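Engineer: Protein chains in written order, with this note's numbering: chain A, 1 to 329; chain B, 1 to 338.
Quick caveat, the hints were computed from the structure, so don't treat them as lab data. Since we're looking at a predicted model, the values are computed, not measured. A portion of the hints provided could be inaccurate.
[As the list claims (entries may be wrong)] In silico negatives: residues of chain A with every beta carbon more than 10 Å from chain B: (1) Val60; (2) Ile90; (3) Arg141; (4) Leu173; (5) Leu219; (6) Ile297.
[What the hints assert, rightly or not] Derived CB-CB ranges, DEER-like: (7) A:Thr148 x B:Glu217: 30 to 40 Å; (8) A:Lys36 x B:Gly327: 26 to 36 Å; (9) A:Ala65 x B:Gln89: 53 to 63 Å; (10) A:Asn93 x B:Arg278: 50 to 60 Å; (11) B:Ser214 x A:Arg88: 25 to 35 Å.
[Said to hold, decoys possible] From the structure, some residues in chain A lie toward chain B, with a derived Cβ separation under 10 Å: (12) Lys174; (13) Glu194; (14) Leu263.
Just so it is clear, CB atoms sit at the ideal spot from N, CA and C, and this is done for glycine as well.
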Amino acid sequence: MPNEQIAFSAEHVSVSYPTSRGWVQAVRDVNLEVKKGELVGLAGESGSGKSTLVLAATRVLKAPAVEVTGQVHVASQEIFTLSDKKLREIRWNTFSFVTQSAMNALNPVMRIRAQMHDAMRAHDPKYNKITADKRCEEVFRIVEVPMTRLDAYPHQLSGGQKQRAVIALALLLKPELIIMDEPTTALDVVAQREIIALIRRLQRELGFAVLLITHDLSLLLEVADSVVVMYGGRVMESGASDILFHDAKHPYSKALIQSFPPLHGPMTRQEGIPGTPPDMLNPPTGCPFADRCQHTIAVCRESMPPLLHYDRRLIACHVQGTPAKEARI
Amino acid sequence: MSSYPKNAATRANEALTTDAQGALIIDRVHKRFIQSKKISHVLRGASLTIGKGEIVALVGESGSGKSTLARTIMRLYAPDEGQLIFDGQDVTQAGGRVLREYREKVQMLFQDPFASLNPAHSVRTILQRSLPLSARRMSQRDRDNLFYEALMQVGLTPPENFLQQFPHELSGGQRQRIALARSLAGRPKLVLADEPVSMLDVSLRLGVLNLMLSLNEQYGIGYLYITHDLASARYVATRIAVMYAGEIIEEGPSETIVENALHPYTQLLIQAAPDPDRRGVGELDASVFTGEPPDLAVKIQGCPFQFRCPHVQSQCLETPPPLKDAGNHHYVKCVLYK
Numbered sequence: 001m002p003n004e005q006i007a008f009s010a011e012h013v014s015v016s017y018p019t020s021r022g023w024v025q026a027v028r029d030v031n032l033e034v035k036k037g038e039l040v041g042l043a044g045e046s047g048s049g050k051s052t053l054v055l056a057a058t059r060v061l062k063a064p065a066v067e068v069t070g071q072v073h074v075a076s077q078e079i080f081t082l083s084d085k086k087l088r089e090i091r092w093n094t095f096s097f098v099t100q101s102a103m104n105a106l107n108p109v110m111r112i113r114a115q116m117h118d119a120m121r122a123h124d125p126k127y128n129k130i131t132a133d134k135r136c137e138e139v140f141r142i143v144e145v146p147m148t149r150l151d152a153y154p155h156q157l158s159g160g161q162k163q164r165a166v167i168a169l170a171l172l173l174k175p176e177l178i179i180m181d182e183p184t185t186a187l188d189v190v191a192q193r194e195i196i197a198l199i200r201r202l203q204r205e206l207g208f209a210v211l212l213i214t215h216d217l218s219l220l221l222e223v224a225d226s227v228v229v230m231y232g233g234r235v236m237e238s239g240a241s242d243i244l245f246h247d248a249k250h251p252y253s254k255a256l257i258q259s260f261p262p263l264h265g266p267m268t269r270q271e272g273i274p275g276t277p278p279d280m281l282n283p284p285t286g287c288p289f290a291d292r293c294q295h296t297i298a299v300c301r302e303s304m305p306p307l308l309h310y311d312r313r314l315i316a317c318h319v320q321g322t323p324a325k326e327a328r329i
Numbered sequence: 001m002s003s004y005p006k007n008a009a010t011r012a013n014e015a016l017t018t019d020a021q022g023a024l025i026i027d028r029v030h031k032r033f034i035q036s037k038k039i040s041h042v043l044r045g046a047s048l049t050i051g052k053g054e055i056v057a058l059v060g061e062s063g064s065g066k067s068t069l070a071r072t073i074m075r076l077y078a079p080d081e082g083q084l085i086f087d088g089q090d091v092t093q094a095g096g097r098v099l100r101e102y103r104e105k106v107q108m109l110f111q112d113p114f115a116s117l118n119p120a121h122s123v124r125t126i127l128q129r130s131l132p133l134s135a136r137r138m139s140q141r142d143r144d145n146l147f148y149e150a151l152m153q154v155g156l157t158p159p160e161n162f163l164q165q166f167p168h169e170l171s172g173g174q175r176q177r178i179a180l181a182r183s184l185a186g187r188p189k190l191v192l193a194d195e196p197v198s199m200l201d202v203s204l205r206l207g208v209l210n211l212m213l214s215l216n217e218q219y220g221i222g223y224l225y226i227t228h229d230l231a232s233a234r235y236v237a238t239r240i241a242v243m244y245a246g247e248i249i250e251e252g253p254s255e256t257i258v259e260n261a262l263h264p265y266t267q268l269l270i271q272a273a274p275d276p277d278r279r280g281v282g283e284l285d286a287s288v289f290t291g292e293p294p295d296l297a298v299k300i301q302g303c304p305f306q307f308r309c310p311h312v313q314s315q316c317l318e319t320p321p322p323l324k325d326a327g328n329h330h331y332v333k334c335v336l337y338k
């Protein structure tokens, strides 16, 4: 599906892990789209498959460790059919990655500058030592870390600086898309806010798209353009974040939003979500949320509700009314 | 810290509870650590009172000394200066039997339920270890009944299914409930909960917080709820104390702190907290977020927040701001408040 406006798209992506007890179906038939320049949030609790989805979609996870089906396009290139050489070329040039616990993503025994040179040499041979140095200094200026820190070792940087250095690393080859997996989870509220503000500002200035994975739905609802809510390896609901915040329709996304006490306004006793997520070794044939949902009807346990278009959003739920039009894909 | 208008603990005590019974009074506690020949002043005269059956939230960023304060209250660390008074008794230097009895009444709930439960022990053994010495002479049946009660209290039913299990068989939420049950087995008056939900999945957090609230209502157990999440602090606590660089810089009723914060640091924390309601109201302003917490190994003259404060004045650099009463049990350490 080559579309100039799309930075990242996943179509019918399923990912399974082989284990001694059978296949764990971590991601099942997920569709997802990030438009150019957008910040899309991918939310869900642990085990919902959000990290697995992006790791498999970027071929970081590959056979025989996982079995992946479906299609993924990054900037109009189909990822799963690329040769290894071609994949290496588009990695970091077209999309880059800020991994989970980015605090530990830096090599502790290498200076930051050397790690940045490594990334450039691996993915873009046209850089020589001098031009690479220049680029390193440029990106450090962009993320507002003192230039002297380029020759520091990771342990000499504060948490916030380390996080900025990892973002600088991701920016090196001017990608169109940066995938960030829980980039701020280990940080303090204040440092987290600084990093998110930085990402938003860089996006405005440099125009890259961001796919931001986090469990902090209240943060996403505030800063993201749109939000995708995953549960049990499936997309439950997706749409613009203001629509989702004020008027979530899926019982799971509603319950998840309700799991965050508000900072202002009247205080009421809120309930979390009772129960535990489904066992992905034997995922339910029906809706994965059926066991924890208050609105479950018979059909929920029999078949998985398809992801359908409603007014300006996608919802996968049997209990919803008539969709606006037929399924998109 | 000579800047207190009067003993902070007495003040808070007068204001909030008429009887000191069952209250924990932390009075100007200092704690220093020696790290590679440098002295870190981690607690710099922290004062706080937790009334009987009260829930107080302690908010601050990492490195502000929140956990050190909790550990000092537990007497896992000996305070270098200051006093700890629980239920009218000075426990600052207590040892032996007095300390043991104190630790029965004041319990701790740790952040990470994956690390705080011994993986080699069954739930029964884990709970058994927490029983007061006086209860060790109970018969096994009486003890089991006690465990059943504790497990039911934390919502793990049927309890007999859980006693035989090992931590790895339980989910994160269940483990944190076991840790809570363990702290309850000695029938404590006060539980120091150090970020009890930050390691749990979002969908399970409210469950544990609600459980803490209902135990408070039913059994009058007080909490010191340590967190960096202001929204959840407002949700569980009646009072919020904000900690910065080892001292309490502002405290007051939760609603007052969130809606009408006086200290620039508290205002910064509120601005930094995620808030979907703010969407579209104002773009993220990166310029207000500057600087990092001060180096505690260097002696701070004046206000500890001077290095980051947008309103810093010359007097802030010289003398530490005194604690001022802003009315309605709201106290702040800042020269801006007149």
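Engineer: Does each hint fit the structure? Answer for all of them.
Structural biologist: For each hint, the structure was consulted:
{"no.": "1", "hint": "Val60", "result": "holds, 24 Å"}
{"no.": "2", "hint": "Ile90", "result": "holds, 31 Å"}
{"no.": "3", "hint": "Arg141", "result": "holds, 15 Å"}
{"no.": "4", "hint": "Leu173", "result": "holds, 24 Å"}
{"no.": "5", "hint": "Leu219", "result": "violated, 4 Å"}
{"no.": "6", "hint": "Ile297", "result": "holds, 22 Å"}
{"no.": "7", "hint": "A:Thr148 x B:Glu217: 30 to 40 Å", "result": "violated, 55 Å"}
{"no.": "8", "hint": "A:Lys36 x B:Gly327: 26 to 36 Å", "result": "violated, 53 Å"}
{"no.": "9", "hint": "A:Ala65 x B:Gln89: 53 to 63 Å", "result": "holds, 60 Å"}
{"no.": "10", "hint": "A:Asn93 x B:Arg278: 50 to 60 Å", "result": "violated, 36 Å"}
{"no.": "11", "hint": "B:Ser214 x A:Arg88: 25 to 35 Å", "result": "violated, 56 Å"}
{"no.": "12", "hint": "Lys174", "result": "violated, 22 Å"}
{"no.": "13", "hint": "Glu194", "result": "holds, 4 Å"}
{"no.": "14", "hint": "Leu263", "result": "holds, 5 Å"}
The structure shown violates the earlier hints numbered 5, 7, 8, 10, 11, 12.
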